[in-house]
Every structure is written in C-alpha cells, then in structure tokens.
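There are 2 protein chains.
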Amino acid sequence: MTTDAQQAFMRRAIQLSRENVQRNGGPFGAVIVKDGRVVGEGFNRVTATNDPTAHAEVVAIRAACAHLNTFDLSGAEIYSSCEPCPMCLSAIYWARLAGIHYANTKLDAAAIQFDDYFIYEELAKHPEQRAIPMRQMLRDEAMQAFLDWQANASRVQY
Amino acid sequence: MTTDAQQAFMRRAIQLSRENVQRNGGPFGAVIVKDGRVVGEGFNRVTATNDPTAHAEVVAIRAACAHLNTFDLSGAEIYSSCEPCPMCLSAIYWARLAGIHYANTKLDAAAIQFDDYFIYEELAKHPEQRAIPMRQMLRDEAMQAFLDWQANASRVQY
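These protein sequence lines map, in sequence, to chains A and B. Here my numbering is used: position 38 in the first sequence is 38, and no number is missing along the way. Here my numbering is used: position 81 in the second sequence is 81, and no number is missing along the way.
Keep in mind that the hints were calculated from the coordinates and are not lab data. Quick caveat, the model's predicted, so the values are computed rather than measured. Just so you know, even glycine gets a beta-carbon here, dropped at the ideal spot from N, CA and C. Misleading hints may appear alongside valid ones.
[As the list claims (entries may be wrong)] The calculated label-pair distances, taken between Cβ atoms and stated as ranges, are:
id	chain 1	residue 1	chain 2	residue 2	range
1	B	Met1	A	Gly75	29 to 39 angstroms
2	A	Tyr158	B	Ala151	35 to 45 angstroms
3	A	Ala5	B	Asp115	32 to 42 angstroms
4	A	Gln157	B	Leu107	14 to 24 angstroms
5	B	Gly75	A	Thr105	52 to 62 angstroms
6	A	Thr2	B	Leu147	21 to 31 angstroms
[Unchecked claim] List of simulated lysine-lysine pairs, DSBU-like, C-alpha gap at most 30 angstroms:
id	chain 1	residue 1	chain 2	residue 2
7	A	Lys125	A	Lys106
8	A	Lys125	B	Lys125
9	A	Lys106	B	Lys106
10	A	Lys34	B	Lys34
11	A	Lys125	B	Lys34
12	A	Lys125	B	Lys106
13	B	Lys106	B	Lys125
14	B	Lys125	B	Lys34
15	A	Lys34	A	Lys106
16	A	Lys106	B	Lys125
[As the list claims (entries may be wrong)] Taking beta-carbon pairs under 7 angstroms as the criterion, some of the chain A residues facing chain B (in silico):
id	residue
17	Val39
18	Pro52
19	Phe71
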C-alpha cells in the first residue's frame with residue numbers, strides 16, 4: 001500500500017524526469033523527503049554539466065545535504081523515478097537514507113540502453129577479474145595517512 | 001612492475017590524502033591521469049562540504065571532466081590512495097576510466113572505521129533483502145519518461 005503523500009512525492013520525481021527529457025537530458029528524476037516535505041530534488045545532469053556522477057539521486061542527495069547543512073540524511077527517504085544504479089545506491093547508503101521508493105526498474109533502464117546491470121556484475125567480482133584492471137602499489141607509503149588520521153584528535157568522524 | 005611515473009602519480013594521491021588529514025578531513029586522495037599528465041585531483045570533502053558523495057575519487061573525476069570538458073574519461077586512469085568504495089568504483093565505470101591504481105585496501109579502510117565492505121555486501125543482495133527497504137510504485141506513470149526519451153531525436157546519448 002502506498003499513501004497519497006507517497007504517490008505525490010513519486011509523481012514529482014517523475015515530473016522532474018519528464019521535464020529533463022525536454023532539455024535532452026536523461027529521463028531520471030528524484031526527490032528526498034524528510035518529515036513529510038521535500039528537502040532536495042534532482043534530475044540527471046550528466047551531459048548538461050559534463051559530470052558522469054550527476055545522476056538524479058546523487059544530485060538530489062547533494063541538494064538535500066546543502067539545504068539541511070549536513071552530510072547525514074538519517075530519517076529521510078528518496079523517491080526516484082528509476083531503480084538506483086550501483087553508484088546511486090551506494091551514495092544512498094553513505095547518506096544514511098532510511099528508505100528507497102522507485103518506479104521504473106533497472107531492467108526497464110537497460111532496455112533503453114542505460115545499462116547499470118553490467119556494473120552490478122562487476123562489483124560482485126574479485127578485483128583481478130574486473131573489466132577495468134586494478135593494481136595495488138605503494139601501500140606502505142599510503143598507510144601513513146591512515147596513521148595520521150588515527151592520531152588526529154581533531155578529526156571529524158563520519 | 002610499476003614505473004617511476006606511476007609511482008609519482010600515486011605519491012601525489014598519497015600527498016593529497018595526508019594534507020587532507022591536516023584539515024581534519026578523511027585520509028583519502030586521488031588523481032586522474034591522461035596522456036601522461038594529471039588532469040584532475042581530489043581529496044575527501046564529505047565533512048568539509050556536507051556532501052556524502054564527495055569522496056576523493058568522485059571529486060577527482062568531476063575535476064577531470066570539468067578540466068577536459070567531457071563526461072567521458074576513456075583512456076584516462078585513476079590513482080587512488082585507497083581501494084575505491086562501491087560508489088567510487090561505479091563512478092569509475094560510468095566515467096569509462098581505463099585503469100585503477102590503489103594503495104591502501106578496503107580492509108585497511110575498514111580497520112579505521114571506513115566500512116564500505118558492508119555496502120559491497122548490500123549491493124549483491126536482492127532488493128527486498130537489503131538493510132534499506134526498497135519499494136516499487138507507479139511504474140506505469142514513470143515509463144512515460146522513457147518513452148519520451150526514446151521519441152526525442154535530440155537526446156544526448158551517453
């Protein structure tokens with residue numbers, strides 16, 4: 001069962017997705033809701049801003065965080081016109097959102113050539129089996145930054 | 001075998017990670033290299049800018065794309081002071097980077113309480129089994145955006 005309020009939030013996300021197509025942008029929109037009101041909106045801006053990370057959900061999370069002046073969206077929920085890709089789903093975890101509502105599925109997205117299924121498969125592989133080669137180097141030197149961090153009493157934990 | 005040039009790029013990423021700790025930010029740095037030169041740099045800005053998506057790799061990708069005026073970093077490689085989290089790894093795929101070099105591992109990161117291993121596990125689950133509840137609704141209405149997209153001859157494919 002979805003409530004009238006939930007449907008209204010999703011319809012706003014869908015409206016954002018359709019408006020973006022009129023700007024020749026990707027057909028994706030999202031809104032973040034906290035305490036019954038929209039605190040951030042986003043639509044796909046990858047081609048408009050030359051930013052491959054500017055998916056609707058990421059843009060909405062950034063907007064909500066800027067609006068609420070926090071990097072922690074605990075208690076908020078996202079309404080996305082499409083099931084989140086792995087980047088956006090991970091961003092949703094980092095932002096600590098409490099719930100995800102979506103309309104179109106990732107299979108629907110794949111059918112119009114937005115194929116994040118490939119990325120889901122890649123993430124599940126061992127690093128050495130992935131399509132993009134991954135190589136480790138200089139761990140001994142990099143470890144010093146982690147030691148610095150642990151020794152820094154003024155660090156902002158998150 | 002790593003080359004002197006590769007080591008120099010990684011040392012720059014490590015330098016960025018250590019400088020950021022001095023600003024009380026997370027111990028992570030990254031650089032993007034194309035045709036033998038650095039085209040974008042990043043360090044973790046989650047707490048500094050209230051942006052949970054501002055991981056070093058994402059910041060570096062955005063910077064490189066802005067610098068090169070493109071959303072497609074084909075042929076470029078990333079040097080990250082730490083193995084990318086699922087959000088950053090997915091962003092690397094979306095940006096079409098050709099290679100990933102990293103120093104600290106995700107286990108090293110987990111040991112200092114940056115636990116993205118949990119997110120890797122979540123991504124591999126079926127949506128209904130994830131810690132953050134996911135619910136589908138209004139697919140019929142959202143599908144119209146995808147039909148709009150397919151009917152729009154001016155769309156910018158990516």
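Right, here's what the structure says about each hint:
Checked against the given bound of 29 to 39 angstroms, the beta carbons of Met1(B) and Gly75(A), roughly 50 angstroms apart, lie outside it. For Tyr158(A) and Ala151(B), the hinted distance range of 35 to 45 angstroms is satisfied, since their beta carbons lie about 43 angstroms from each other. A C-beta distance of roughly 34 angstroms is found between Ala5(A) and Asp115(B), which places it inside the suggested range of 32 to 42 angstroms. Between Gln157(A) and Leu107(B) the beta carbons are some 19 angstroms apart, a value that agrees with the proposed interval 14 to 24 angstroms.
Here the CB-CB span from Gly75(B) to Thr105(A) is close to 32 angstroms, at odds with the stated 52 to 62 angstroms. Thr2(A) and Leu147(B) have their C-beta atoms about 23 angstroms apart, which keeps the hinted 21 to 31 angstroms range intact. Simply put, Lys125(A) and Lys106(A) have alpha-carbon atoms about 19 angstroms apart, close enough for the 30 angstroms limit, and the pair holds. Taking the CA atoms of Lys125(A) and Lys125(B), the gap is near 14 angstroms; set against the 30 angstroms cutoff, the hint holds.
Restraint check for Lys106(A) and Lys106(B): the C-alpha separation of about 27 angstroms stays at or below 30 angstroms, so the hint holds. Between Lys34(A) and Lys34(B) the alpha-carbon distance is near 42 angstroms, which puts this suggested pair outside the 30 angstroms criterion. The suggested pairing of Lys125(A) with Lys34(B) holds, with an alpha-carbon distance near 26 angstroms, which does not exceed 30 angstroms. Note on Lys125(A) and Lys106(B): the hinted pairing holds, with a Cα-Cα distance of about 14 angstroms set against a maximum of 30 angstroms.
Distance hint between Lys106(B) and Lys125(B) is fulfilled; the C-alpha atoms sit about 19 angstroms from each other, no more than 30 angstroms. A hinted pair counts as satisfied when its Cα atoms are at most 30 angstroms apart, and Lys125(B) with Lys34(B) does not qualify at roughly 35 angstroms. Annotation: proposed proximity of Lys34(A) to Lys106(A) holds, straight-line Cα distance about 25 angstroms (limit 30 angstroms). A threshold of 30 angstroms between alpha carbons decides the hint, and for Lys106(A) with Lys125(B) the separation of about 14 angstroms falls inside it, so the pair holds.
The interface hint given for Val39(A) is broken, as the beta carbon of that residue sits about 13 angstroms from the closest beta carbon of chain B, more than 7 angstroms. Because the beta carbon of Pro52(A) sits about 4 angstroms from the nearest beta carbon in chain B, less than 7 angstroms, this interface hint is met. The restraint placing Phe71(A) at the interface with chain B holds, with a minimum CB-CB distance near 5 angstroms, inside the 7 angstroms limit.
Violated hints for the displayed structure, listed by number in ascending order: 1, 5, 10, 14 and 17.
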